[in-house]
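**Q** Sequence:
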Amino acid sequence: MYTPNHIPCSDTPDITAPIEEKKGKWKSWARRETQLRTLLGLYVLDGQIAYFSNGAPSVSHVTNSLALPSKESVFNAKTAEQWIVEMRHHREPLGTFREVFISLFDSTSFQAIRFTSHFSVHVALEGLQALVFEGCVAAGAALGIPSRTQTSQALLRLFDYHLEKHPLSFESIELLLRWHTICLNLAIYSGHLCRQLCTHHGVDQHLFPKLSTTPILIDIHRWVYSSDARRALLHAFHIHELVERLPMGRAHATHIPCSVFAAATVYGAFCTASRVHMLLPDSINWKYVWDETLEPPSPQVHAAFESWSFILGLPSRSGKLSRNLRYSLCLLQGIIQKISSQWGVAQEMSAIVLAWTSRLS
17 MYTPNHIPCS DTPDITAPIE EKKGKWKSWA RRETQLRTLL GLYVLDGQIA YFSNGAPSVS
77 HVTNSLALPS KESVFNAKTA EQWIVEMRHH REPLGTFREV FISLFDSTSF QAIRFTSHFS
137 VHVALEGLQA LVFEGCVAAG AALGIPSRTQ TSQALLRLFD YHLEKHPLSF ESIELLLRWH
197 TICLNLAIYS GHLCRQLCTH HGVDQHLFPK LSTTPILIDI HRWVYSSDAR RALLHAFHIH
257 ELVERLPMGR AHATHIPCSV FAAATVYGAF CTASRVHMLL PDSINWKYVW DETLEPPSPQ
317 VHAAFESWSF ILGLPSRSGK LSRNLRYSLC LLQGIIQKIS SQWGVAQEMS AIVLAWTSRL
377 S
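Each residue of the sequence shown is one higher than the one before, starting from 17 at the first, in the numbering used here.
Worth flagging that the hints you see were computed from the coordinates, not collected in a lab. All of these numbers come straight from a predicted model, not from anything done at the bench. Cβ coordinates follow ideal geometry from the N, Cα and C atoms, glycine included. Among the clues, some could well be false.
[Claimed, not checked] Cut-off 25 Å, straight-line C-alpha distance, at most; resulting in silico cross-link-like pairs (DSS-like, lysine-lysine):
(1) Lys94 <-> Lys41
(2) Lys336 <-> Lys303
(3) Lys87 <-> Lys39
(4) Lys226 <-> Lys87
[What the hints assert, rightly or not] Per label pair, the in silico range of CB-to-CB distance:
(5) Ile35 <-> Leu370: 57 to 63 Å
(6) Gly57 <-> Arg291: 38 to 44 Å
(7) Ser163 <-> Thr32: 53 to 59 Å
The whole structure should be built from the sequences, with the hints applied where relevant.
**A** The following block contains the structure:
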């Protein structure tokens, strides 16, 4: 049975210790670290399975008492000596994911959390996605589930203190894709929107099973004029931009097909309601996209004012990007088709999007 205690830095052998002692300690640490990362990977998969099964995750992500994995430089050490040097260099104690989630929902303490790796952020994102799905299943306020406002604030803190500050590497793009997809699903559960679109267009789909409860029907032609639709569209647009920066060789992350399909679903809804040509802000302040309690920003604060105006459906003074969503939908269908060589589920996604586009003609 796995126990979440890490080897403390004081137990790391000295660099001058006998080689067999150093290798023995290193291998023992590596076994435990690999086991920890495997268990955390199951949390990530649990979130993906919940997305397609229309159910809440099978475990509570926010009570996860597993420790954060070690820094990548420690885990990727090639020799016992390199491992010892890295272990000595990174002396700060590792917290648990339970503590991470407590901090995420507490505006006064989040800055104290230091994520040890991109993988740690990915696990935290899946925990937030789990809360979003639990809210969807509950279909309203429920004991033990944070409100939508609380969840959006936690997502914004994660974006502000970690995602926005890192250089845009391929790993960062993958994390941003997941963040935007979770925000999109907070605005509208894309699985439910997909079912509605398929029903509207008479398209068979086998991605999402029928809900066990009576779903709340979406009037697509009215929904596209709502603030939530505009939020979802902004996130869909950024998913589209980010995925085009990724080479197909990087499409191995489990969440990428879901991200692209969620964006395509939002595009499909707008096209179905004949809102094909859209003007989007050229820069975004995500706080003004999600925080409805903020005071109206000054027009001189460009990103904040444009974001606030767009969400409220107000006319903009400048800084708009023109987008043809029919054309964008076709581009995403092509991307999904390419991803299908790596992910079988993308074949079904591609067929659905292709059916939508053919019925929009």
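**Q** Does each hint fit the structure? Answer for all of them.
**A** Hints, one by one, checked against the model:
Restraint check for Lys94 and Lys41: the C-alpha separation of about 14 Å stays at or below 25 Å, so the hint holds. Simply put, Lys336 and Lys303 have alpha-carbon atoms about 19 Å apart, close enough for the 25 Å limit, and the pair holds. Restraint check for Lys87 and Lys39: satisfied, since their Cα atoms lie roughly 19 Å apart, inside the 25 Å limit. Between Lys226 and Lys87 the alpha-carbon distance is near 42 Å, which puts this suggested pair outside the 25 Å criterion.
In this structure the supplied range 57 to 63 Å holds for Ile35 paired with Leu370, their Cβ-Cβ distance being about 60 Å. Checked against the hint of 38 to 44 Å, the C-beta distance between Gly57 and Arg291 comes to roughly 40 Å, which is consistent with it. Here the CB-CB span from Ser163 to Thr32 is close to 56 Å, well matched to the stated 53 to 59 Å.
Hint 4 from the list above is the single one not met by this structure.
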